[in-house]
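Undergrad: Each chain is listed here by its residues.
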Amino acid sequence: MSPLRSLADRRTSRTDPGTAPQHPAPARPRSRPRAWADDLVMGMRFAAGGGREGWIRTALTAIAVALGVAVLLIGASVPTLMDAWHGREKARENLGQRHEPPRGDTTVLYASSDTVFHGQAIRGRLVRPDGAHPPVPPGMSQLPGPGRMLVSPALKKLLDSPDGALLRERLDYRVTGIIGDAGLSGPAELTYVAGSATLHEPSGYRIDHFGKAWDPPPMRPPAVLLVIMTCVALLTPVMVFIGTSVRVGNEQRERRLAALRLVGSDVATTRRIASGESLFGSLLGLAAGALLFLGLRQLAALITLWDINVFPADISPGPLPATLIAVLVPAASVLVTLFAQRGVTVEPLGVVRNRPAVRRRLWWRVLLPVLGAALLLPLAREQQWTDSPFNTVRLAVGSMLLLFGVTALLPWLVDTVVSRLHGGPVPWQLAVRRLQLSSGSATRAVTGITVAVAGAIAIHMLFTGMQAGYTEAYAQSSKERPDLAYWGHTDSWRQTEQALAALRATPGVKSARGALTANIGQVPVPGHPADDTGYMTIAVGNCAELRKLAALPSCGSGDVFLTDQRDKDVIRPGATIDLNPRLIEDDPPEPHPWQIPHNTRPTHLLSPGVGPNHYSFDLLATPSALDIGRLNSSDMELTVDYDRNLPDAIEHIRNTTAHIAPALYESSTVDNPHDQQLSSVRNGLFAGAVVTLLLIGAGLIITTVEQLHERRRMLSSLHAFGTRRASLGWSILWQTAVPVTLGLALALGCGLTLGALLLSIIDNGVTVDWPVVAGMAGIGAGVILFVTALSLPPLWRMMRPDGLRTE
Amino acid sequence: MTPEGSLLAADGLHKAYGATPALDGADFSVHPGEVVAVLGPSGSGKSTLLHVLAGIVRPDSGTVRYGDRELTGMNDTERSALRRTDFGFVFQFGQLVPELTCVENVALPLRLNGVRRKEAERQARDWLERLEVEDIRGQRPGEVSGGQGQRVAVARALATRPRVLFADEPTGALDSLNGERVMTLLTDAARDTSAAVVLVTHEARVAAYSDREIVVRDGKVKDMLAGLQ
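Protein sequences appear in the order of chains W and H.
Going by this note's numbering, the first residue of the first sequence is number 1, and it counts up by one from there.
Going by this note's numbering, the first residue of the second sequence is number 808, and it counts up by one from there.
Hints are computed from structural coordinates only; laboratory data are not their basis.
Be aware that a few hints might be false.
To be verified - So the derived label-pair ranges between C-beta atoms look like this:
#1 GLY953/H with ALA687/W: 34 to 42 Å
#2 ARG361/W with ASP982/H: 40 to 48 Å
#3 ASP942/H with PRO378/W: 53 to 61 Å
#4 LEU785/W with ASN920/H: 22 to 30 Å
Every residue gets a Cβ at the ideal spot worked out from N, C-alpha and C, and that includes glycine.
Full structure from sequences and hints, please.
TA: Here it is, written out as structure tokens:
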């Protein structure tokens, strides 16, 4: 019985024995939505009960859709992920506020004690409550007492591991608890909050709450580009794969649809039924994609991309994007099926392919990449990237047009090249002629490779260029500033001397020098606004330390020297200056006048100027020349030269400085944070590209096996008259290799062009990541072999004599 | 026991597909230049007999001798080589490679035998001319009629000058006029080259082109000539 006939039809068509057969009552015409719904449901029933091939097609469609849905859900989660990440950062922080509350029962002194251990950044915070009810940051129930600390799970793990032995020396607080998720930016974050009994102003800020008004910086163009291009590079192959998988088992489906036509189904109905079949796979894929997404996001804790590491729960798309994905993905699958059926008419006695020969026109195919390049070229020629919405849109649209232009160019390129190929051995001839007759399927599958490889190469080039730029900059900085520099508040020369002594006793330290430095200013004149731009600086140290800064003819306790960098109108023997100038926009402090001794002698700095290892002190003084306690916000500045060949020398130095003062800031060029960031992004991209290529390989296998299946009778006959298996195997290899090679060549050209343009846009020198280019080409070759190898068993099967049976 | 002077002979062939026997002690022989028609109803085992005789399928038991060589003792490579050099095939459907032109299709077995392309295509053109389809040599199978396609298939089968030509329902997809023309050309060409022809058909009209008819029924072979005698 025809599946198109309704239950009512069946009831009316039943005839009682002995009665004359009656014509069934004419069915009422179905409304358009009803017809769609009925036919889609019928198609879904066929998919579920369509036998092995039907299930293979359904499973492949579901796999493709699941991959697409998972990628889309992850992409749609980026805004919420960033909001959650920034939200936790805002909620737990309150450093750097300008207007400190008065000391009270609910205030706490708060300071940063960030450090680095083996290249890993560790966020440290010191707290010293002023009273019994201090504010508590998220993730903690109370602040740790003096000498105790709360740590993140990742830091606890590191401290407990043998690798963390040196770090335990640095953070020698007693661990009394674990910071909860609300107090962490991500599960892999290394952070601690320690109680300090010695923290004081101005090393610590006084705060009465945690949580700061802070707007996260907008995403930088490379990051925006990365997100857009990654989504495009991943989704295009997935869409191609969906397009490929809905064609699996076409022959059997077309026979079924022809049977439906024979029992009265019209063309539109058969198309809707076919769409229903892929809708079934698509809905299964939607569910599988959601599960895959939930599974993949559990891996979030293991991934740190661009210093961003988040909790699985942070990766959660908003309701609107999630709804759109749930609706649009199945709809897209139906559209792909309808699109695939254009030019195919299912007739009652079989399928008629009446698609006219497609003449591939070059002009519009070239137009897309040319337009893309035209949008990007002016950006590349600009002296400097201007971060504006218009430029960002131009950048994104230009990149997309270049990438998609490649997909449009590929069919033309394959057709043009293949039509010029002649001769060669039999396998080559079979492959070339097959492509000449119809290159559509192979080209469609290879399109995904082209976009993925071009995108991956371009993004790789971008990040390789950026990484090279950072590496060069750090190398240059290391040459200019080979030493480690530390600074932090102190109000005594003795403490500075002790710090220098401790550093000199540290393993690996070759030399250490230092001074106590502070800003000084002109004594404010009552009724006139204080000139807060006219800062001058003073360096205080014993004669030995001052000799490392300037050429001193002689030096004794109580001596003061005028440097050749000074403002000669203000700094002169006998002049009175203010040791307590206003440093921030606050009420002017009480002036601390100090008269420069009359016997002050001039000197010249050994390395005058601004920048690393250059000094622009106006005055040099020995500690007994003035009352250091009257200086406003004095710092110790320490410079350390160390033995780079001694393992962990820098970690020993950091341990020493942590004990001198945990809140000392380090300035060094030892760790290039961008190196690890960019390497992780590049590795992630490469892995993504490999997965994408494998997906394309799977699509190619489906296409090849489907072709073999349709030609099994011909293959059996070729085998019958003695064609070697190897000959047909080679023909499959060539049939895959020609479009893949052309696709890769096009992808290399497009990827390199796009990469060069992107690097020019961000003002980086153009560097080609040849290992990646070679890697991509190698993987492309691997895909060819992989497809051929996996197509051989079905080929051998199709060559069996069973195909010759006509009965 | 092999009949004297036979080119291809089979003795006691058994072949089953699962539990279904296709050949059940079938014997067969064909002499050089002889056209033997294999008749029988659908499912009687005609095609299986042809496949076993041609070395495409191995029998479960029994022997096939080609000249002084035992086919059933050969491995797949040896049998494939034999099919390339000594046997030719014409089938009812799907025998032409759709992406190759007609002349390339005919040249294909020659090229598989190592003949250079130009020479193979020259010989192919001769065969196409002989089978009266020289004018379609540059067209692909999808662009020619069924009768023309079948003549191209016959040309391809004869191009290597096989000693045995196997034809499985060669006119099954053709109208009677075209069918007769194809049969005339096929048998004439085979006789010209002294090729033996094993012709599987269920049409008496086609079988009339043969020198001898055998009937396969339930996997057993009955020689009609012997029956008459």
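Undergrad: Does each hint fit the structure? Answer for all of them.
TA: Now the hints, each set against the structure:
About 54 Å separates the C-beta atoms of GLY953/H and ALA687/W, a value inconsistent with the hinted range of 34 to 42 Å. For the pair ARG361/W and ASP982/H, the beta carbons lie near 42 Å from each other, so the given range of 40 to 48 Å is met. Distance hint check for ASP942/H and PRO378/W: the Cβ-Cβ separation is about 59 Å, which falls inside the suggested range of 53 to 61 Å. The hinted window of 22 to 30 Å between LEU785/W and ASN920/H holds, with their beta carbons roughly 29 Å apart.
Of the hints listed earlier, the one the structure fails to meet is number 1.
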